[in-house]
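Chemist: Start counting the sequence shown at 2; every next residue gets the next number (my numbering).
Heads up, none of these hints are tricks.
With a straight-line Cα cutoff of 20 Å, these simulated PhoX-like cross-link-like pairs (lysine-lysine) come out:
id	residue 1	residue 2
1	K54	K34
2	K54	K16
3	K56	K16
4	K34	K56
Calculated directly from the structure, the hints in this document are not laboratory data.
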Amino acid sequence: MNLPFPIQAYFDADKQRDGEAVIRAFAAEAVVKDEGHTYAGHQAIGAWWRETKDKYQAVLEPLEVTGEDDAPTVRARATGQFPGGPAIISFMFRLDGDVISRLEIEA
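When you get a sec, could you build the whole thing from the sequences and use the hints?
Modeler: Here it is in structure tokens:
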């Protein structure tokens with residue numbers, strides 16, 4: 002599957018559990034919306050990612066990508082420590098050049 006560079010960087014960093022690389026995939030003013038909460042900026046996004054990774058131990062496997070070049074949606078299989086898993090989760094990205102400016106996650 003051909004994912005845009007910043008999205009591939011995000012999923013690769015997540016798989017390697019590399020929080021610093023996850024943060025580098027995002028613009029400095031990026032926003033993440035997940036589980037009813039909003040996280041803005043590198044510090045908040047890094048804290049969200051670490052907390053979520055520790056809580057769920059999720060492993061993500063991208064399955065398909067749809068949408069526009071600057072607003073793709075990636076459906077991914079998530080396995081980990083959460084009720085009803087594995088789950089198919091939608092990652093709705095907004096891109097600004099070679100970084101992610103927005104990410105909304107829906108189960």
